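Participant: Residue numbers (our numbering), protein chains in the order written: chain A, 1 to 299; chain R, 300 to 593.
Simulated from the structure, these hints should not be mistaken for lab results.
Please read these numbers as outputs of a predicted model, since none were measured by experiment.
Possibly wrong hints are sitting among the right ones.
Subject to a maximum C-alpha distance of 20 Å in a straight line, what follows is the list of computed DMTMM-like cross-link-like pairs (lysine to aspartate or glutamate) [said to hold, decoys possible]:
1. K374(R) <-> D453(R)
2. K121(A) <-> E76(A)
3. K374(R) <-> D362(R)
4. K121(A) <-> E242(A)
5. K153(A) <-> E333(R)
6. K287(A) <-> D453(R)
Chain by chain, the residues run as shown.
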Amino acid sequence: MSHANVAKAPALAARPRAAPERRTARRSRYLLGALCCAIIAIMLFPIVVAFFASIKTSSAAMATPPTYLPSQLSIESYLHIYHYQAGLPTYLFNSLGVASIAIVLCLLLSVSAGYGLARFKIPFKEPLFLLLLSGMMIPYQALLTPLYLLYVKLGLQQTLFGLALIHTALQLPFSIFLMRSSFEAVPRELEEAAVVDGCNSFETLWRVFLPAAIPGMVTVALFAFVNSWNEFIAALIFMNKESTFTIPIMLVSSRIGHYGMVDWGALQAGVLISIVPCVLVYVFLQKYYVSGFLNGAIK
Amino acid sequence: MSTIRYRRSSAIGLVYVAPALLFVGFLTLYPFAELIVMSFYNSSLLGGSSFTGFNNYVKAWNDAFVWNALRFTLKYTLFITPILMGLGYLAALLTAGEQRLQKLTRGIIFLPVVIGLGSSSLLWFWLFDSQVGLFNKLLQDLHVISAPLVWFGDAELGLWAVIISIVWKVVGFGMILFVAGIQAIPHEIQEAAMIDGTGYWQRVRRITLPLTYRTIMLATLISAIGSMLAFEQFYIMTAGGPTNKTISSVYWIYTNSFTYFKLGYGATLSIILMSIIFAATAVQITLTRQQRDR
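Looking at chain A on its own, in the form it has when it is part of the complex (with noise of 0.2 Å):
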């Protein structure tokens, strides 16, 4: 009897409350409707505009007090940066070549490494393997002094290659832990079929490891492209000749322009041009992006 009481109490408690909850529920979904909305707005924002100056004519786009939207579509200002200095053409193939040196580089070497670390009894593997990822301990800001007297010697510097191998070296670190991790979580009964049918080492990488890392491979490439397009500095170092300048290196000596003038729409035309690969990339493999990046925080 009392048992009955105590088991139905909560639930005629609950039925008056009913309503209202069901009322601030909705009201909550509204109201992160409205800030998901906001905040998708704000994020745009400078996107947005910078797209909308780089299609104004070039006085529209150098005009006081600027307006957000464009009067007349122009494309004048793609133009400018087409045509700066060494052209548009030279830079992109620069920055290209630094980034797909850097990607076959990034895999040849992670995939090696990440195989024989995953698969092999090596002697004091793991010291060698934290050797392998000193270089997420150590700025490599602070190692480009060194680094430069070193070019200079081996003549390195104003090279694609030369920018490459420190894009590679940035990059070996994550690389190598995601290729280990991914090469550990293939099955050990695929690879004992390999070998029964008689394949080598490097037989059983190709066949059997390879094909079930393609996501880990994926990722990689994705990262050694998305940050050598982007990496600035050792660029600004390496890469200080006119005709050796990268994308992001081109556009900051782009902003002095002639006379002194900054030629604001070229630049937000160039702006754009810069982001809009790593942006195709995000969107189109976005899976393997945040995978990645998740991975590569939580060592």
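Fit chain R to the supplied structure of chain A, relying on the hints for placement.
Facilitator: Just chain R now, with coordinates in the frame of chain A:
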């Protein structure tokens, strides 16, 4: 039966690891050793180099510019880290759910993280310009200010302009880590608290925050290290000005090494900055461990 013969041979394993080891040795470990050696030399790109012992360190200790740069970098880090973490956490609370609008918002807040710091700094350099910048116009249209501000004419305003731009650029970094932390909390715990009738902010304070404590500490550490190494935003947006008041530590190292070509001194300054970051990291990790063990 499960004998994979080649696996016993550690030689083959080493062959696979060797290229990466050589690479890291050549481009990370050797330069690191060289950095330490250089800091004891008076090496310049223009002349030769001579051993000077701790001279560079003594010089740095007495160099007002070094102290200014360190103080400014610390100030920037102390200002921006709480803002980034606080806003990042609020954004994570808002978007950690699985509704489509929440996922879209999350994706858009994270978007600036993938674009380059150089590009975003140039974008905000334009937005903050006192003549053609739309940020002033927006503030005027919203009646926040009556006349355009000269953002980069004043060290404090310049610092805030940089902080605003960097918050836009990297707030998604903390958010995405926090979202992962919040989503890892078992649903049962949240539901149990909801049945108890605990209010939303109470649940955040009593459940969400404590259970994501480690993530918060990790994100704070990564974010603070990043801020201690700030360069692009000041190089591009304030150019260190006005009157050298916004020169960060890496900027000052860059100037010494590559504008004045005092490579030995630049190396010394790099080691000092690196030691400060190491020490701060060690303290932070120890504190986090202690609190967790308690």
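Participant: Holds or violated: K287(A) and D453(R), Cα atoms, limit 20 Å.
Facilitator: Judged against 20 Å, a Cα distance of about 42 Å means the pair is violated.
Participant: Quickly compare the C-alpha distance for K121(A) and E76(A) to 20 Å and report which way the hint goes.
Facilitator: Violated, because 62 Å separates the two Cα atoms, which is more than 20 Å.
Participant: Holds or violated: K374(R) and D453(R), Cα atoms, limit 20 Å.
Facilitator: The given pair, whose Cα atoms are some 16 Å apart, holds under the 20 Å limit.
Participant: CA of K374(R) to CA of D362(R), is that 20 Å or under?
Facilitator: 19 Å, holds
Participant: Next pair to validate is K121(A) with E242(A); report whether the Cα-Cα distance is within 20 Å.
Facilitator: Not OK: K121(A) and E242(A) at ~50 Å, beyond 20 Å, violated.
Participant: Would the hint linking K153(A) and E333(R) be met if the CA-CA limit is 20 Å?
Facilitator: Given that 20 Å is the threshold and the Cα spacing comes to 14 Å, the pair holds.
Of the numbered hints stated above, those contradicted by the structure are hints 2, 4, 6, listed in ascending order.
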